[in-house]
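Respectively, the protein sequence lines represent chains A, B and C.
Residue numbering for the first sequence follows the numbering used here, starting at 1 and increasing by one per position.
Residue numbering for the second sequence follows the numbering used here, starting at 1 and increasing by one per position.
Residue numbering for the third sequence follows the numbering used here, starting at 1 and increasing by one per position.
Keep in mind that a hint or two might mislead.
[As the list claims (entries may be wrong)] Heads up, simulated DMTMM-like pairs for lysine to aspartate or glutamate below, C-alpha to C-alpha not over 25 Å straight-line:
1. B/LYS91 to A/GLU33
2. B/LYS17 to A/GLU33
3. C/LYS68 to A/GLU72
4. B/LYS69 to A/GLU103
5. A/LYS170 to B/ASP64
FYI, nobody ran anything at the bench for these hints, they're computed from the structure.
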Amino acid sequence: MSDVSRALLFLVSCVFTQNVIFARLLVSRSAVESRRIGAAAGLGLFTAVVIALSSVLAWILYSWILKPLHAESLYLVAFVLVIAACTQLAALCLGKIRPALAEGLGNCLALVAANCAVLGIALLNVETGCGIGQAFLNGLFSGLGYLVALVCMAGVQERLEYSKIPAPLKGLPISLISASLMALAFMGFAGMA
Amino acid sequence: MAEKKSMGALLISGLLKENPLLRLALGLCPALAVTTTAFNGLGMGIATACVLLCTSVVVSLLRDLLPEKGRFVAFLVISAAFATLAQMVLKGWQPALCASLGIFVPLIAVNCLILNRADAFAAQNSPAAAIADAVGMGLGYIVAMTLTGAVRELLGAGTVFGQRVLAAGYQPVLLAVMPAGGLLVVGLLIGIANAIAARHSGKKEGESA
Amino acid sequence: MNLHLSPAPHVHSNQSTRVLMRNVLVALIPCVVAGICLFGYSAALLMLASVLTAVVAEYIWQRATGNKVRVGDLSAVVTGLILALNLPPQAPLWLAVVGSAFAIVIVKGLFGGLGDNFINPAMAARALLLASWPRYMTVWTAPTGLNSSVDAVSAATPLLTPGSYSLGQLFLGNIPGSVGEVCKLAILLGLAYLLFTHTITWRIPAVMVASTFVFTWLFGKNPLTSVLSGGVLFAAVFMATDYVTCPMTAPGQFVYAAGIGLVIALIRCFGGYPEGVTYAILLMNIAAPLLDHVFKRRVYGYEKGAKVQNG
Numbered sequence: 001m002s003d004v005s006r007a008l009l010f011l012v013s014c015v016f017t018q019n020v021i022f023a024r025l026l027v028s029r030s031a032v033e034s035r036r037i038g039a040a041a042g043l044g045l046f047t048a049v050v051i052a053l054s055s056v057l058a059w060i061l062y063s064w065i066l067k068p069l070h071a072e073s074l075y076l077v078a079f080v081l082v083i084a085a086c087t088q089l090a091a092l093c094l095g096k097i098r099p100a101l102a103e104g105l106g107n108c109l110a111l112v113a114a115n116c117a118v119l120g121i122a123l124l125n126v127e128t129g130c131g132i133g134q135a136f137l138n139g140l141f142s143g144l145g146y147l148v149a150l151v152c153m154a155g156v157q158e159r160l161e162y163s164k165i166p167a168p169l170k171g172l173p174i175s176l177i178s179a180s181l182m183a184l185a186f187m188g189f190a191g192m193a
Numbered sequence: 001m002a003e004k005k006s007m008g009a010l011l012i013s014g015l016l017k018e019n020p021l022l023r024l025a026l027g028l029c030p031a032l033a034v035t036t037t038a039f040n041g042l043g044m045g046i047a048t049a050c051v052l053l054c055t056s057v058v059v060s061l062l063r064d065l066l067p068e069k070g071r072f073v074a075f076l077v078i079s080a081a082f083a084t085l086a087q088m089v090l091k092g093w094q095p096a097l098c099a100s101l102g103i104f105v106p107l108i109a110v111n112c113l114i115l116n117r118a119d120a121f122a123a124q125n126s127p128a129a130a131i132a133d134a135v136g137m138g139l140g141y142i143v144a145m146t147l148t149g150a151v152r153e154l155l156g157a158g159t160v161f162g163q164r165v166l167a168a169g170y171q172p173v174l175l176a177v178m179p180a181g182g183l184l185v186v187g188l189l190i191g192i193a194n195a196i197a198a199r200h201s202g203k204k205e206g207e208s209a
Numbered sequence: 001m002n003l004h005l006s007p008a009p010h011v012h013s014n015q016s017t018r019v020l021m022r023n024v025l026v027a028l029i030p031c032v033v034a035g036i037c038l039f040g041y042s043a044a045l046l047m048l049a050s051v052l053t054a055v056v057a058e059y060i061w062q063r064a065t066g067n068k069v070r071v072g073d074l075s076a077v078v079t080g081l082i083l084a085l086n087l088p089p090q091a092p093l094w095l096a097v098v099g100s101a102f103a104i105v106i107v108k109g110l111f112g113g114l115g116d117n118f119i120n121p122a123m124a125a126r127a128l129l130l131a132s133w134p135r136y137m138t139v140w141t142a143p144t145g146l147n148s149s150v151d152a153v154s155a156a157t158p159l160l161t162p163g164s165y166s167l168g169q170l171f172l173g174n175i176p177g178s179v180g181e182v183c184k185l186a187i188l189l190g191l192a193y194l195l196f197t198h199t200i201t202w203r204i205p206a207v208m209v210a211s212t213f214v215f216t217w218l219f220g221k222n223p224l225t226s227v228l229s230g231g232v233l234f235a236a237v238f239m240a241t242d243y244v245t246c247p248m249t250a251p252g253q254f255v256y257a258a259g260i261g262l263v264i265a266l267i268r269c270f271g272g273y274p275e276g277v278t279y280a281i282l283l284m285n286i287a288a289p290l291l292d293h294v295f296k297r298r299v300y301g302y303e304k305g306a307k308v309q310n311g
């Protein structure tokens, strides 16, 4: 199999069968809050960038610095700091490029530092012991999967706006239940990669 | 805090009225991911509760020293340190459980239950109150995680804590132990908790009126 | 500008839903008859169990949640029947009961009932059954005919052994498969009725079949066999056209139907499942609100790139 088709299969796996939200369940509160499609795309893209960036940086930190120093046990604290720095950096860039969007997302941006999808992908890279190339692709494609999941959920939320959902299920419960049905659908690509 | 709750009230409210998972929806990620059996739910709940307790105490002790600006990062570093410790303890004590929980043990570092309690409670209260809050919340989380795990294990395997509950002819709903099942069960449990809370508060209003 | 748009269908009276659903039921009659003729009374029992469960579940749910009981709108009957037609004929009855209850209560009821579900209930139920009990959902038997004294013989579906069945067999339904999907002639009769009564338009079925044809051909399969085997035709006529879960605008429907065909081809040619119709419909149901979002802007004459603040 050529490298290109391997990468394509890896893409399908990260976006669908191993989707960071629907399959890996790295679901933070902010992922299931209902929001407009536009805002979801903005936050999803921002988180995707942080995932991609911190995935590579955390891998470099672990393999090139912590491991030679035999300081692996510090990896969690180190990862958390790297992710906080990546989030700050990305937020600064977003503020420069799209000030209106950055302002609209407000507090959500800072919370990305504590998003379990970001740390989860960095940890997965360490756990599988993969090389830097795969760490890079994993960050990139998983981030894309995060974006896809957020946009799909926002679309469904917009559609449910006028529906007669029973009162106790309004808000978070129905978000989780719709995510469950989406997870069921995303299983369809199983076996492809 | 405007009204100081008694220690006992803090303990109880974490268990029921402000159950972190079922009422406040804190700590969702592990509740969805690792609760495929009651035992996993219990183990994850205890690990999280321990890190919560330690982080709350340390944050409360340092509450006057923490800078306003970098507070959030400080919380993250403290909980990451304790999560690392928890991972080491768990690996030595329950290696099988630690392996089945996988990356979700180190992920305790960014569990929003811990960060929320550090930010909303421990950073403003004395260590004693922080301990009461953390114990109440921790117990509530353990109960909710075990319940979620028990429901999923019952549906997905017909057992609870490995003990067969449903008849041997039961055809398990495999979906319950898949990711989609986790999302569905947690969503429904939170919905049921909401319904119970609504009925409860409705009754209270009716009595006082 | 704030435009409040409620999602389709804009069906307000019980009566009009009832007429639409009755038309769908009439259109399903050929498939029901063909299913019973090909697979015997077990298929009839399966349909009965599924429909009864759907109706009872709908009634209990609407009573329990204090809603008006609208079982008379026939939508539960359609959901139950479509689910049964998507099951293997030898599936145990409890499978139909569980699936039907899931479709009505979880996929439809929790979201507010008819018109509020974002995903096709029968398809979601089938995905649940396939994930939970693959052992029962992948046992295919060759048609035995009405004479059920002959024991059903398990056989591979044409999806797994392409070329072992002639086009004529594929067309008339003398092949292993789900109860309702095998007889293409019956499905086409149903399609004709639905088109004649203006219950559906040609757009979604035609585009979906064409897209399946083109993509399976591009991916190196026999396109004609691909379209005639499995549930492509049945889904194109009865499931992809579901008013509630397809996009509202014409361009949206084009992309939606083409997308279903693409996903079917992808899953069949590269995926782990032999059949991809269920998942293709579910995935495009999820994409439907996004397609509406994309195509609504242009339709309502917003400038490209202008900030849209709807709602």
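Do the hints match the structure? See the list:
Simply put, B/LYS91 and A/GLU33 have alpha-carbon atoms about 34 Å apart, too far for the 25 Å limit, and the pair is violated. For the hint pairing B/LYS17 with A/GLU33, the CA-to-CA distance comes to about 22 Å; that is within 25 Å, so the pair holds. This hinted pair does not check out: C/LYS68 and A/GLU72 have alpha carbons roughly 62 Å apart, beyond 25 Å. Of the pairs offered as hints, the one joining B/LYS69 and A/GLU103 holds, with about 18 Å between alpha carbons and a cut-off of 25 Å not exceeded.
The suggested pairing of A/LYS170 with B/ASP64 is violated, with an alpha-carbon distance near 39 Å, which exceeds 25 Å.
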